[in-house]
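K.L.:
Sequence:
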Amino acid sequence: MPIASTGRPLAAGTGPLAPLLTVWHHRTLIGRLARRDIEARHRGSALGLLWSVLNPLIMMAAYTFMFTMIFRARWGSGGGGTAEFAVLMFSGMVLFTIFAECANRAPGLMLENLSYIKKVVFPLEIMPVVVLLSALFNAAIGFVILAVFSLVVMGPPPLTVLLLPLVLLPLCLFTLGLAWVLSAAGVFLRDLRQVVTVLVTVMMFLSPIFYPVSAVPAEVQAVILANPLAILLERSKDVMFWGHGLPPVEWTLVCLGSLVWAWLGHTFFVKTRRGFADVV
63 MPIASTGRPL
73 AAGTGPLAPL
83 LTVWHHRTLI
93 GRLARRDIEA
103 RHRGSALGLL
113 WSVLNPLIMM
123 AAYTFMFTMI
133 FRARWGSGGG
143 GTAEFAVLMF
153 SGMVLFTIFA
163 ECANRAPGLM
173 LENLSYIKKV
183 VFPLEIMPVV
193 VLLSALFNAA
203 IGFVILAVFS
213 LVVMGPPPLT
223 VLLLPLVLLP
233 LCLFTLGLAW
243 VLSAAGVFLR
253 DLRQVVTVLV
263 TVMMFLSPIF
273 YPVSAVPAEV
283 QAVILANPLA
293 ILLERSKDVM
303 FWGHGLPPVE
313 WTLVCLGSLV
323 WAWLGHTFFV
333 KTRRGFADVV
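Numbering (my numbering), first residue to last: 63 to 342.
Do not rely on the hints blindly, as some may be mistaken.
[Claimed, not checked] Pairwise CB distance ranges (calculated):
id : residue 1 : residue 2 : range
1  : P279      : A102      : 22 to 28 Å
2  : D340      : P220      : 19 to 25 Å
3  : V285      : V223      : 25 to 31 Å
4  : N117      : G143      : 21 to 27 Å
5  : P279      : T144      : 22 to 28 Å
6  : D253      : A339      : 41 to 47 Å
7  : V322      : S276      : 25 to 31 Å
8  : L318      : I207      : 42 to 48 Å
9  : T263      : C317      : 34 to 40 Å
10 : L287      : T314      : 17 to 23 Å
11 : H306      : A145      : 17 to 23 Å
12 : R98       : A339      : 35 to 41 Å
No lab work stands behind these hints: they were computed from the structure. Yeah, the Cβ is synthetic: ideal placement off N, Cα and C, and Gly gets one too.
Can you make the complete structure from the sequences, with help from the hints?
P.N.:
Listed below in structure tokens is the structure:
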């Protein structure tokens, strides 16, 4: 890793592209740390990586039972059966879990890596990226499970499923921006982790995971759409199941907004990390 004359890692810049440049400049280190993070989460477990398959299956079964058997929920206006509801719900859960995993881990991320703060010249801003890659690894397993169930229940996917990475792009940028803010703030506010855990749970039920936005009363739809994840979750189902493309103007605005948010989060982290060593 190149080191500047001051002994600090070379900065990736301060413009709106700074988050992307950070990832690119440290891509090798990020990859190694992400692999170590994934391995560490399953080290010592009897089933190892198999838990990455079992966990989403168990959650899908539990939520499907609760919403379809107890609450008698159906997707939209009563159409579709239990199996279709499970597939549609699970698709939203896979995407939301990317966000939730990063948000929940971010407040304690710096405190879990004190050696990097105190002893080593290290680009701390890459740690949220490492967590995001770990979450994407779990999501990839979830998408494989989803593809199998979807093929059985709903048949072959439409060609628009190839647009799914374009939905993931703004989701990752938005998640990174939030992770940078929370990981920096978590150093100074030790109770932040508990607050975030509650808010993430609230966001899950205010997101179109268990229902489409169209099924919500008109007076409540504005509240649901105020959730920055709502549009992305709706568009993910459009491309994966309904054969609808992405509205170009909307997608461009969402990407630009997510990039700006990632830049603001990255800037906040870079500005505040100077005080990390004094606090910890």
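K.L.:
Assuming the hint says 35 to 41 Å, is it satisfied by the Cβ distance from R98 to A339 or not?
P.N.:
violated (23 Å)
K.L.:
So the hint says 34 to 40 Å: do the beta-carbon atoms of T263 and C317 match that?
P.N.:
Once the Cβ atoms are compared, 27 Å apart, the range 34 to 40 Å for C317 and T263 is violated.
K.L.:
Please test the hint of 42 to 48 Å on the beta carbon pair from L318 and I207.
P.N.:
violated (32 Å)
K.L.:
I want to verify a distance hint. Is the separation of the beta carbons of D253 and A339 within 41 to 47 Å?
P.N.:
violated (21 Å)
K.L.:
I want to verify a distance hint. Is the separation of the beta carbons of P279 and T144 within 22 to 28 Å?
P.N.:
24 Å Cβ-Cβ, so the 22 to 28 Å window holds.
K.L.:
Taking the beta carbons of H306 and A145, is their distance inside 17 to 23 Å?
P.N.:
Once the Cβ atoms are compared, 22 Å apart, the range 17 to 23 Å for A145 and H306 holds.
K.L.:
Range first: 19 to 25 Å. Now tell me if the beta carbons of D340 and P220 are that far apart.
P.N.:
The hint (19 to 25 Å, Cβ to Cβ) is violated, given that D340 and P220 are roughly 54 Å apart.
K.L.:
Between N117 and G143, is the Cβ distance one that fits in 21 to 27 Å?
P.N.:
Holds - the Cβ-Cβ distance for N117 and G143, about 25 Å, lies within 21 to 27 Å.
K.L.:
State, for the Cβ atoms of P279 and A102, whether the hinted interval 22 to 28 Å holds or is violated.
P.N.:
violated (45 Å)
K.L.:
Do L287 and T314 keep their Cβ atoms within the hinted range of 17 to 23 Å?
P.N.:
holds (18 Å)
K.L.:
Take the C-beta atom of V322 and the C-beta atom of S276, compute their distance, and say whether it sits inside 25 to 31 Å.
P.N.:
holds (29 Å)
K.L.:
Can you let me know if the beta-carbon spacing of V285 and V223 is within 25 to 31 Å?
P.N.:
Cβ of V285 to Cβ of V223: about 30 Å, so the range 25 to 31 Å holds.
Violation of the numbered hints given earlier is confined to hints 1, 2, 6, 8, 9, 12; the remaining hints are satisfied by the structure.
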